[in-house]
Amino acid sequence: MNIHNESAAVHHHVHRDDIGAKMGMWLFLFTELLLFGGLFLVYAVYRYQHTEQFHLAAMELNTGIGTLNTVILLTSSLTVALSIAALQKGNKFLSILMLSLTLVFAFMFMINKYFEWSAKFSHGIYPGSDELLSLPNGQILFFGLYYVMTGLHGLHVLIGIIILSTILVMIIKNKITFDNYAKLENSGLYWHLVDLIWIFLFPLFYLIQ
Amino acid sequence: MANGTTTVNEKSFYQQSTNKYSGILSWLLTTDHKRIGIMYGVTILFFFLVGVILGVLMRLELMAPGKTIVDAQTYNSLFTLHGVIMIFLFIIPGLPAIFGNFFLPIQIGARDVAFPRLNLLSYYIYVAGALLALLAVILPGGAIDTGWTFYIPYSIRSNTNVSLPLLAAFVLGFSSILTGLNFITTVHRMRAPGMTFFKMPLFVWATYATAWIQIIATPVIGITIVLVILERLFGVGIFDPALGGDPILFQHLFWIYSHPAVYIMILPAMGVVSEIIPTFARRTIFGYKAIAISSLAIAFVGYLVWAHHMFTSGMSDTARWIFSLLTFIVALPSGVKIFNWVATMYKGSIDPKPPFLWVMSFIFLFSIGGLTGLVLGSLATDIHVHDTYFVVAHFHFVMFGGTGTIFFAAIHYWFPKMFGRLYNDKLATLGVLGFFIGFMLLYFPKFIMGYMGMPRRYYDYLPEFASLQLISTIGSWVLAATIFFIVGYLIHALFKGPKAGSNPWGGVTLEWHIQSPPTMENFKEIPKITHEPYDFSQLKEMKNEYS
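Residue numbers (our numbering), protein chains in the order written: chain L, 1 to 209; chain E, 1 to 547.
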């Protein structure tokens, strides 16, 4: 009879497993990929069916704003990674600074997105508008997918802002520290995913013209 | 397994809270996997009974040709709600959320799941989804009438409340994903020392494979549902043929989830069967590894067969025969399981207690369901019986005769462990019998009607179907009465049943080593695993009524 007596059975619900937490996060990110995967599949089918129309519709998008947002989001991925590295090294101040910068970039992304969408709206291009419905089917589908995919991505950016702000508060309050940073790391993973999805959205909508 | 496990009754998890509250709050805010499992149990059982009542109403309407009790529109809502409730609220979460939650951690020698708070959150997300579905029935506009498959274009044209039940399905999917994620991490991170993957009980294997399907398949239906809602709200055009969208694409995306979901429903049931048979045959499972791996094989191949739901929808012939071939291949791992179970019983010392009888009933009903599935999986025969009662009979044999039967088997098997009480074996045997008779009366005539050409979901029918429809309706009374009878004697046993010892059946997996009901911590000391999972020589070392 071997008794494995590692925990004193008192606080069994206070249980910390950083590797487990990270594993859970990766699994969750996997489901996010599949969520967007469905949309990428739909995009692929319709692009194949309406190559010409997709080409024409894509000309309407502003590559400049798209590029700017790509740069912003990539940089924010760097700053969140730096924030984790800083905290691991025990530099709380730098970590907070970098995380705040990440949030600034996230807001900049959303502001750009806002101007981009509202410009489209003012040209009368939005789902169900007369202007859009007068276009050929392929272009209706292109803009439909554009709004759904960038919209869902934007929603993820917003959720990211909420998560990262919460984490920021927790770092300030010393709830997340240099030897207990799994939550920060996992939020960073989420933020990288948001970035990664954009890396695919950008060429599919803005660059293939 | 350590023989230092307790037999002296200590405070059970009912008497000890995981939080600072007592009474109802100690349940509502609990992070104990056992309490969460029981809360799921109560909620899911409630919705199951609602689904049963809706089903009985449908059968009443179909008892005679023409209008019997409700009008056609109400009938459309009845079968839609019956489907939505039974699938999304009962059969998908049923076994994993109740018994997976309660027994998966115990069977791997853990004190809880990897993320206890997330576990509670999944429960509340489930409740939120269920409330949304109910809200859609109450709100003006009328209950959803699209069928549980939500096929486009009708689901974007119907004037009933379609968006809300869709949102409910999305929310429920999220709950399912979180549960799956929790279980996978639990299996990888929380196994007791010595519990290697090939020492895990087969219920754990099955739940683990299920958890992977939950994670891989559910997001696809999630996004598909969102697209239908957006289609209804804004007219995006992605599935709307008027705007260039493709309704067939919706069917593909829908079944990419909903076919694997069939395996989400059946795999945990197969896991329960693999627990019950060795216990009552007093013999180690035959082909342990084959059964364990076949769960993963089903999970994998089951992901690649979805288009067999669409043989008549419009697809290339090449695609059709590939999907047909894959469908036949997925029958192989199921066959592996059936043969191994039967082989386990060979030369066993069989004790036909109620849980075992449920399993026998399962093997019979599920085999019929599985074999008729091959009729539907063949291209030529499918054309003849597609969208007829034959399909309805097939999936009720597989889902209800399979998973539903095992849901009852699992309740009867683990009831003494979960509640520390015994039920009356004679009443329970009557329950199995009544269920089987009612089931066959209700669903077997549907095979014949389907073969004769009775289409599914029809409000009215030709006179030649009248006698079979009547038999089916009578079967629904027998079945429903038996279900309420079972619920009745179980509730009675819950309060008045004799106290159960820690091992009433002589099982050897870890849950039978601990007291009934378990303590809040499950194990005083985390056990060290040395035995194979179904090694009945352990019975001698275990200090209980079977040693």
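Among the clues, some could well be false.
[Said to hold, decoys possible] Derived lysine to any residue pairs resembling SDA-like cross-links, with alpha carbons at most 20 Å apart:
id : chain 1 : residue 1 : chain 2 : residue 2
1  : L       : K22       : E       : I216
2  : L       : K120      : E       : F234
3  : L       : K183      : E       : F234
4  : E       : K67       : E       : L379
5  : L       : K22       : E       : K67
6  : L       : K22       : E       : R117
7  : L       : K175      : E       : F234
[To be verified] Calculated from the model, a selection of chain E residues having no Cβ within reach of chain L, i.e. all distances over 12 Å:
id : residue
8  : V137
9  : F174
10 : L181
11 : N182
12 : T186
13 : Q214
14 : I216
15 : A217
16 : L227
17 : D240
18 : A242
19 : L249
20 : L253
21 : G287
22 : K347
By construction, these hints were calculated from the structure, which means they are not laboratory data. For glycine and all other residues, C-beta sits at the position ideal for the given N, C-alpha and C.
(Q) Please verify that the nearest CB of chain L lies beyond 12 Å from V137(E)'s CB. (A) V137(E) is indeed farther than 12 Å from all Cβ atoms of chain L, at 28 Å.
Would you check the hint for K67(E) and L379(E), treating anything up to 20 Å between C-alpha atoms as holding? Violated: K67(E) and L379(E) sit about 35 Å apart, past 20 Å.
Legend entry - Cβ separation check - L181(E) to all of chain L, threshold 12 Å: violated, 5 Å
Given the hint that K22(L) pairs with I216(E), test it: the Cα-Cα distance must not exceed 20 Å. holds, 18 Å
Practice prompt. Report holds if the minimum CB distance from L253(E) to chain L is greater than 12 Å, and violated otherwise.
Written response: About 6 Å separates L253(E) from the closest Cβ of chain L, which leaves it inside 12 Å; violated.
If we take the beta carbon of T186(E), is the closest beta carbon in chain L still more than 12 Å away? violated, 8 Å
Non-interface claim for L227(E) versus chain L (Cβ beyond 12 Å)
Label violated. Min Cβ-Cβ 7 Å, cutoff 12 Å.
- Task: Grab the minimum beta-carbon distance between A217(E) and chain L and tell me whether it stays above 12 Å.
- Result: Violated: least Cβ distance 8 Å, not greater than 12 Å.
Against chain L, does F174(E) keep a CB gap of more than 12 Å to every residue?
It is violated; F174(E) is separated from chain L by about 9 Å at its closest Cβ, not greater than 12 Å.
Worksheet item: Would K347(E) pass as off the interface with chain L, using Cβ distances and a cut of 12 Å?
Response: Holds: least Cβ distance 32 Å, greater than 12 Å.
>> Confirm or reject: Q214(E) is not an interface residue toward chain L, with every Cβ-Cβ distance exceeding 12 Å.
In response: Incorrect as stated: the minimum Cβ-Cβ distance to chain L is 9 Å, not above 12 Å.
**Study point:** Cβ separation check - N182(E) to all of chain L, threshold 12 Å
**Key:** violated, 7 Å
Violation of the numbered hints given earlier is confined to hints 3, 4, 5, 7, 9, 10, 11, 12, 13, 14, 15, 16, 17, 18, 19 and 20; the remaining hints are satisfied by the structure.
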